[in-house]
Amino acid sequence: MLYREAGDFKTTYADDAQTFPIAFDRWRYYAILIVAAVIIPLVIDSYWAKSIMVPFLVFSIAAMGLNILTGYCGQVSLGTGGFMAVGAYASYKLMTAFPELNIFFVVLLSGGVTALVGAAFGLPSLRIKGFYLAVATLAAQFFLVWLFNKVPWFFNYSATGQITAPERTVFGIAVTGPSVPAYASYLFCLAFVVLLAWLMRNLTRGKVGRQWMAIRDMDIAAEIIGVHPLKTKLIAFAVSSFYVGVAGALFFSVYLGAAEPTEAFGIQQSFLVLFMIIIGGLGSIFGCFAGAAFMIMLPVLLKNVMAGALGWDTTLATHFEFIIVGGLIIVFLILEPHGLAQLARLMKEKLRLWPFPH
Amino acid sequence: MGVGLLNTIEVILNGLMTGVMYSLVALGFVLIFKASGIFNYAQGVMSLFAALTLVGFQSGQIPFAELINAVFGTDVHHFGFTMPAILATLCALAVMVLFAIIVERLILKHLVNQEPIILFMATIGLAYFLEGFGDMMWGSDIKTMDLGLPQGGSFWFEDVTKTWAAEGSDYWGMYVDVLDVIAASVAICLVIALTLFSQYTKTGRALRAVADDHQAALSVGISLRYIWVVTWAIAGLVALVAGSMWGAKSGVQFSLSLIALKALPVLMLGGFTSIPGAIVGGMMIGVGEKLFEFYVGPMVGGATENWFAYVLALVFLVFRPQGLFGDKIIERV
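Protein sequence lines correspond, in order, to chains A and B.
Position 235 (the first sequence) corresponds to 236 in the working numbering; numbering is contiguous.
Position 72 (the second sequence) corresponds to 245 in the working numbering; numbering is contiguous.
These aren't lab readings, by the way, just hints derived from the structure by calculation.
Think of the CB as a built atom: it goes at the ideal place given N, C-alpha and C, for glycine as much as any other residue.
Keep in mind that the hints are not guaranteed to be accurate.
Quick list of in silico lysine-lysine cross-link-like pairs, DSS-like style, CA-CA up to 25 Å [as the list claims (entries may be wrong)]:
id, chain 1, residue 1, chain 2, residue 2
1, A, Lys51, A, Lys130
2, A, Lys351, A, Lys11
3, A, Lys130, B, Lys501
4, A, Lys130, A, Lys208
5, B, Lys207, A, Lys130
6, B, Lys207, B, Lys422
Calculated Cβ distances over 12 Å to all of chain B for the following chain A residues [unchecked claim]:
id, residue
7, Ile40
8, Ser126
9, Pro167
10, Pro179
11, Asp314
12, Phe321
13, Gly327
14, Pro338
Covered stretches of chain B, going by a simulated chain A footprint (3 or more residues, C-beta under 8 Å) [unchecked claim]:
id, region
15, 259–269
16, 290–296
17, 299–309
Take the sequences, apply the hints, and build the full model.
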């Protein structure tokens, strides 16, 4: 009864074009923001920050990036792990080369570097389509990881080949390094999530977003009505890689602290992010969050239930995780190809009519 | 002949052998792609699963031993007997046929007429599922496969090639793994058998008809669902052969499914719709990556085999998007 447009009159164009046309949605959105920015930081402890909240936020940024490319522009990429590695190594090089530079700008700049690399690997997308492109992006994945393993300049000639994030502060509070308060790492990631989600929402409903969707739905037809395919695809690759790069930089500097390319940015990360957007919903911002939350919580939940409550071996729990994730992907693709986001959309439609059936 | 030239020949020979192994995996992809238009990402994991099953039967492992032990608190691992290799292979083949039937029933039937990319992602899901399932069924430890095939370098070939080098030069002959030669011969036999099957049997012709045009095939009374089961079963057979060859070479373990990923660039070079393409593409990739590793590898720190195939395919595709032997891609609005 609360959830409807009736009585909410729009008197300006700005009102009419707003993201949440239903008043209830708007209030819910502000409420979630307040909870996320004020209440959670007050109660969060380091277990929740380390194992759930920070990876959730980092991977929702990566999922947003891949969703721009795959969900909105229709180009499937399996190179997400490689691009995350670019972001991570760019942030490491920037942090060590310019110690005075604020970590906030370091992360943004790493995103920029990744955007350039992503656009370079996106160049073939004009000629290669569909799963041919998906396999071609594997080239990026394997080549980049190999590069960061073999060229000592990237890890500053350290003996172990690892990169370790030095301590950096924002407003005098450490956000990277060995001694970070739980709320600081959480809030730092949250700032990026809010910023980038807002940017994505406004990109996708503007001219660029519509061009992406035109290319996704049928690229030849889009070209005929005047969408420049190469430019549009390259923008999609660049923007997507920017997001993924920021995610990679945060993943390394805030979450991991120390990283080694094969382990941290292998092909399994690419699949993890791809699964997030399939389960969450292709072409939906809410889907990125839903998918990331699902894929981050599932292993934690399984581990707690199987290893903790039932006392089973942890390897067995890992096998179950594979089976459940793989099975869910198939079930979602068969029953609801648009993922959790579509379920949420259906629920909203039902809510608008409730309690009347028509 | 000079030592340098002989070394190059050795590298090329070994590359050819590796390439044939890649082609073995790639064959499975081509079969399924031609018959159902599905790009089966799970082919590599199918090889792993088939190899695991083969080893499991051979050594008399109890399936799901870990799970049974965890639920019932027992401590069982083996039945206490071993199977001869032939019987175990037949059993593994039966499992792969069963797998084909289940995949058709539970997945393909529901995804008819979906976009190719959706099907592709569904097979990624299948790959994950099968990986977890295989590990849970047979355990995730590295297993050695012993099919009674000879292994190691061929001394005869080493002695023959030693005489090719100039007198008194410091050359010790070429190293060629006997197992690789056997694998290559098996692959060639498999290709011949598949070609004969698709040319001269009724089912084989039906397969080709479906590959040509689904709807025309349906209208002359060919059951699509039956054909899909047959194709997936054949792909299972190819996976079993590939899995046992790779398994005998480098042990049955998770990395087997990563090796199988290499079949993807092979396919992109050869074209998704061509069986000869899979063979030639495999050899090109095999020789290419071995030569690159031999000449350029030492300069850039080695391990270039990880990515060379993909980058080669990427560069190649930019100039010829349908691959070497693939059908020309025609797009209409």
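For this session: Would you mind confirming whether the straight-line C-alpha gap from lysine 130 of chain A to lysine 208 of chain A stays at or under 25 Å?
Result: 23 Å, holds
Problem set entry | Assertion that proline 167 of chain A lies outside the chain B interface [Cβ separation over 12 Å] | For proline 167 of chain A, whose nearest Cβ neighbour in chain B is about 26 Å away, the distance exceeds 12 Å, so it holds.
Problem set entry | Assertion that proline 179 of chain A lies outside the chain B interface [Cβ separation over 12 Å] | 31 Å, holds
Problem set entry | Verdict on chain A covering the region 299–309 of chain B, where coverage means 3 or more residues with a C-beta closer than 8 Å | holds (count 10)
Exercise. Given the hint that lysine 351 of chain A pairs with lysine 11 of chain A, does the C-alpha gap stay at or below 25 Å?
Worked result: At roughly 23 Å apart (the allowed maximum being 25 Å), lysine 11 of chain A and lysine 351 of chain A satisfy the hint.
Exercise. Taking C-beta pairs only, is glycine 327 of chain A more than 12 Å away from all of chain B?
Worked result: The assertion about glycine 327 of chain A is violated, with a minimum of 3 Å to chain B.
Problem set entry | Non-interface claim for aspartate 314 of chain A versus chain B (Cβ beyond 12 Å) | 6 Å, violated
For this session: Classify the label on isoleucine 40 of chain A as holds or violated, using whether its beta-carbon is more than 12 Å from each beta-carbon of chain B.
Result: Nearest chain B Cβ is 36 Å from isoleucine 40 of chain A, so the label holds.
For this session: Count residues of the region 259–269 of chain B with a Cβ under 8 Å from any Cβ of chain A, then say if the count reaches three.
Result: violated (count 0)
Exercise. When you check the alpha-carbon spacing of lysine 207 of chain B and lysine 130 of chain A, does it fall within 25 Å?
Worked result: 18 Å, holds
Exercise. Is the nearest Cβ of chain B still more than 12 Å from the Cβ of phenylalanine 321 of chain A?
Worked result: 7 Å, violated
Exercise. Does the structure keep lysine 130 of chain A and lysine 501 of chain B at a Cα separation of 25 Å or less?
Worked result: 14 Å, holds
This entry does not satisfy hints 1, 6, 8, 11, 12, 13, 14, 15, going by the numbered hints stated previously.
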